[in-house]
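First to last, the protein sequences are chains A and B. When we follow the working numbering, the leftmost residue of the first sequence carries the number 22, and every step to the right adds one. When we follow the working numbering, the leftmost residue of the second sequence carries the number 0, and every step to the right adds one.
Treat the hints as calculated values from the structure; they're not laboratory data. Just so we're clear, the structure is a prediction, and the values are computed from it rather than from any experiment. Possibly wrong hints are sitting among the right ones.
SDA-like cross-link-like pairs, simulated, lysine to any residue; straight-line CA separation at most 25 Å [said to hold, decoys possible]:
#, chain 1, residue 1, chain 2, residue 2
1, A, Lys203, B, Asp10
2, B, Lys262, A, Lys24
3, A, Lys189, B, Arg161
4, B, Lys77, A, Arg56
5, A, Lys203, B, Gly103
6, A, Lys24, A, Ala156
7, A, Lys203, A, Pro61
8, B, Lys337, B, Lys262
9, B, Lys250, A, Pro61
10, A, Lys24, A, Pro61
11, B, Lys250, A, Phe182
12, A, Lys203, B, Ala15
13, B, Lys365, B, Lys262
14, A, Lys24, B, Glu19
15, B, Lys262, B, Glu282
16, B, Lys337, B, Lys250
Reference listing, derived: stretches of chain A covered by chain B, where coverage requires no fewer than 3 residues with Cβ under 8 Å from a Cβ of chain B [as the list claims (entries may be wrong)]:
#, segment
17, 24 to 33
18, 157 to 170
From the three backbone atoms N, C-alpha and C, an ideal C-beta is built for every residue, glycine too.
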Amino acid sequence: MEKFITVTGPAAPLLWANIDTDMIIPVQRLVGASRTGLGPYGFERFRYRADGSENPDFPLNREPFRGSPILLAGPNFGCGSSREGAVWALMGMGVRCVIAPSFGDIFFNNCFQNGLLPVRLPEEVVRRIAEETEASPGNARTTVDLERQVVVTPWGEEVSFAVDARKKEAMLEGLDEIALTKRRAEEIAAWQARDRAARPWAWESVVE
Amino acid sequence: MASTLFDKLWDQHVIADLGEGWALLHIDRVLLHDLSGARALAEIAERGHAVAQPELVFATPDHAVSTAPGRTGESFAKGAATLAGLRQRARETGVRLFDLGQPGNGIVHVMAPELGIVLPGLSLVCGDSHTCTNGGVGALAFGVGASELTHVLATQTLMQRRPRNMRLRFEGALSPGVTAKDMILHAIGRLGTAAGTGFAVEYAGSAVRALPVEARLTLCNLSIEMGAKIGMVAPDDATFEFLAGRRFAPKGAAWDVALAVWKRLPSDPDARFDADHLIEAAEIQPQVTWGTSPEQVLPVSGRVPDPAEAPDAARRAAWAAALDYMGLVPGQPIAGTKVDWVFIGSCTNSRISDLRAAAAVLRGRKVAEGVTAWVVPGSEQVKRDAEAEGLHRLFLDAGFEWREPGCSLCVAANGEVVPPGARCVSTSNRNFVGRQGTGSRTHLASPAMAAAAALAGRIVDVRQFMA
Numbered sequence: 022m023e024k025f026i027t028v029t030g031p032a033a034p035l036l037w038a039n040i041d042t043d044m045i046i047p048v049q050r051l052v053g054a055s056r057t058g059l060g061p062y063g064f065e066r067f068r069y070r071a072d073g074s075e076n077p078d079f080p081l082n083r084e085p086f087r088g089s090p091i092l093l094a095g096p097n098f099g100c101g102s103s104r105e106g107a108v109w110a111l112m113g114m115g116v117r118c119v120i121a122p123s124f125g126d127i128f129f130n131n132c133f134q135n136g137l138l139p140v141r142l143p144e145e146v147v148r149r150i151a152e153e154t155e156a157s158p159g160n161a162r163t164t165v166d167l168e169r170q171v172v173v174t175p176w177g178e179e180v181s182f183a184v185d186a187r188k189k190e191a192m193l194e195g196l197d198e199i200a201l202t203k204r205r206a207e208e209i210a211a212w213q214a215r216d217r218a219a220r221p222w223a224w225e226s227v228v229e
Numbered sequence: 000m001a002s003t004l005f006d007k008l009w010d011q012h013v014i015a016d017l018g019e020g021w022a023l024l025h026i027d028r029v030l031l032h033d034l035s036g037a038r039a040l041a042e043i044a045e046r047g048h049a050v051a052q053p054e055l056v057f058a059t060p061d062h063a064v065s066t067a068p069g070r071t072g073e074s075f076a077k078g079a080a081t082l083a084g085l086r087q088r089a090r091e092t093g094v095r096l097f098d099l100g101q102p103g104n105g106i107v108h109v110m111a112p113e114l115g116i117v118l119p120g121l122s123l124v125c126g127d128s129h130t131c132t133n134g135g136v137g138a139l140a141f142g143v144g145a146s147e148l149t150h151v152l153a154t155q156t157l158m159q160r161r162p163r164n165m166r167l168r169f170e171g172a173l174s175p176g177v178t179a180k181d182m183i184l185h186a187i188g189r190l191g192t193a194a195g196t197g198f199a200v201e202y203a204g205s206a207v208r209a210l211p212v213e214a215r216l217t218l219c220n221l222s223i224e225m226g227a228k229i230g231m232v233a234p235d236d237a238t239f240e241f242l243a244g245r246r247f248a249p250k251g252a253a254w255d256v257a258l259a260v261w262k263r264l265p266s267d268p269d270a271r272f273d274a275d276h277l278i279e280a281a282e283i284q285p286q287v288t289w290g291t292s293p294e295q296v297l298p299v300s301g302r303v304p305d306p307a308e309a310p311d312a313a314r315r316a317a318w319a320a321a322l323d324y325m326g327l328v329p330g331q332p333i334a335g336t337k338v339d340w341v342f343i344g345s346c347t348n349s350r351i352s353d354l355r356a357a358a359a360v361l362r363g364r365k366v367a368e369g370v371t372a373w374v375v376p377g378s379e380q381v382k383r384d385a386e387a388e389g390l391h392r393l394f395l396d397a398g399f400e401w402r403e404p405g406c407s408l409c410v411a412a413n414g415e416v417v418p419p420g421a422r423c424v425s426t427s428n429r430n431f432v433g434r435q436g437t438g439s440r441t442h443l444a445s446p447a448m449a450a451a452a453a454l455a456g457r458i459v460d461v462r463q464f465m466a
């Protein structure tokens, strides 16, 4: 997993509520797709016009937001489908951090698996960062510092955010969760041995 | 201490408490479909891991396969390589694959309960958000992304943070023409599409107890549309009767042992929920969505809302955008809206009981001129059962297409799409922008409502056809 320590840049505003993962990446792009290469299709239904040209009204097509590492979003960002391609598409567009009032549960977990940091901040703070950034595009910069768990707003305020300690460590170190879990192989085997005795039906019913 | 159904399911599977609410959970069953499953099996091999316990993993192609009559795995060319990959990896790893045309094949959340792969008290994951469907038999079932799925395949475990408990009670009796689909759409309309975020939801109350198991699967299916990745109904005699004799359900003495365990799963009478909602079943009418989020839903007698009357600026903007996309006018009655397509299928509503409900409305009637109407059975078994009772003839005689099992127009990953601008009444679970194809307009409803819309060529109250 890619490490996340700190990112700085103009925060791109996309403040619609309930942006679902179908909006972030249409399923058709996921047939036969790989983790890399989805960037050009991120938000494609909004980012491009019917003739394939860029839609100038889409915020991420405007300077200085093209390729911005920070995305500001509305509540319930990433709801809907579990497709991790939504995270891969965002990362392919250069996004490393999404700041929103709330996130879809599955998307939230998927972010941490890839080194994309989801940050929950109150809606009014998200909105003000968007306004301040829009007011001086090109100058207003936001910093997200995972180590210190703060967002440094364009007006210089440090707003702290919560993150689970284990997720923070995994992001800072770029840890491989499978490798971590495999260290517990004995513990898992012992649990399974106990469970086979306690719930034999849960194990034997799959044997034909 | 008193425990909820969810508490019991969760605690049963904790291998290690990792602090801050995190646990390493044992995962008893894994479901793979062609999109997320083929990728996960490939990735695990690339990363040098083995499938930890292939006997606990079950695969079925459903997303990127054609559902045209006479289809093969190559009919949808873009999905052919994915399917070939799934077949090869399943062979190599020893994962059981239920291939096209075989009993057991079908939409992953239809085939799992059908085969008894999911059982009360088990934990189950799939790389698919509608895995919550499987909670309808009293299991701990949730959708995961590709990385988490790979973790489960490699270790048979997953690190998860414990969600909070929500109970959603439906008390009283449903009115005629009102189904589980209407119950959950009504609930989402009332509570909102993010009400369940961070929660595991137990559906309870007399109206839920009265639902057959297939309807409980429908109820749980839409949990994720309310934001909850876990939905559950406590197992009871209806559940046990549903599961008895299924291919992967315990048999003989093992069944008796399991049954004793399952009977202890329901929430204790004095269990506490972090959130508790009550809905009177009698208040629920047949529902239909008007917008591009499942929370944008109305009783069929209702009128499309006016953004000017939205409670806040965000919703004003969202409603206006949804109306624009859907080609609807504020204040118009939703009934009477002209329909171009009807889709009966998906992991929400493609089981035999769903097809029976739709067929009962269609019997002796014809699909309206200009409406394209599809039935896509949820599994090979559903298809065969329906054909054995002659339901396919009813659909065909009415003017529906009778197709092969798969996800089809619910997710439109297989080249099957509702054309741009066309309006579709669909028994699926998401009315998102472009979900059924770029520019498609989706109205979610029950199978009976969808059948009625096909007959009328308009959104219509199914109760008009139930005299």
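Pair hint lysine 365 of chain B and lysine 262 of chain B, alpha-carbon separation not exceeding 25 Å: Distance ~46 Å between lysine 365 of chain B and lysine 262 of chain B Cα, so the pair is violated.
Given the hinted pair lysine 250 of chain B and phenylalanine 182 of chain A, is their Cα-Cα distance within 25 Å? 52 Å, violated
Straight-line Cα separation of lysine 262 of chain B and lysine 24 of chain A no greater than 25 Å? 46 Å, violated
Below or equal to 25 Å on CA atoms is what counts here, so check lysine 250 of chain B against proline 61 of chain A. 52 Å, violated
Are the Cα positions of lysine 24 of chain A and glutamate 19 of chain B separated by 25 Å at most? Within the cut-off at roughly 22 Å; holds.
Examine the segment 24 to 33 of chain A: at least three residues should have C-beta closer than 8 Å to a C-beta of chain B. violated (count 0)
Between the alpha carbons of lysine 203 of chain A and aspartate 10 of chain B, is the straight-line distance 25 Å or under? Satisfied, since the Cα-Cα distance of roughly 21 Å is no more than 25 Å.
Is the Cα-Cα distance between lysine 203 of chain A and glycine 103 of chain B 25 Å or less? 33 Å, violated
Can you confirm whether the C-alpha distance between lysine 203 of chain A and proline 61 of chain A stays at or below 25 Å? Answer violated: lysine 203 of chain A to proline 61 of chain A is near 35 Å, above 25 Å.
Do the alpha carbons of lysine 77 of chain B and arginine 56 of chain A lie within 25 Å of each other, as the hint requires? Holds - the C-alpha atoms of arginine 56 of chain A and lysine 77 of chain B are around 18 Å apart, at most 25 Å.
Per-stretch coverage check for the segment 157 to 170 of chain A, three Cβ contacts closer than 8 Å to chain B: violated (count 0)
Distance restraint between lysine 24 of chain A and proline 61 of chain A, which requires alpha-carbon spacing of 25 Å or less: 23 Å, holds
Taken one by one, the earlier hints fail for this structure at numbers 2, 5, 6, 7, 8, 9, 11, 13, 15, 16, 17, 18, listed in ascending order.
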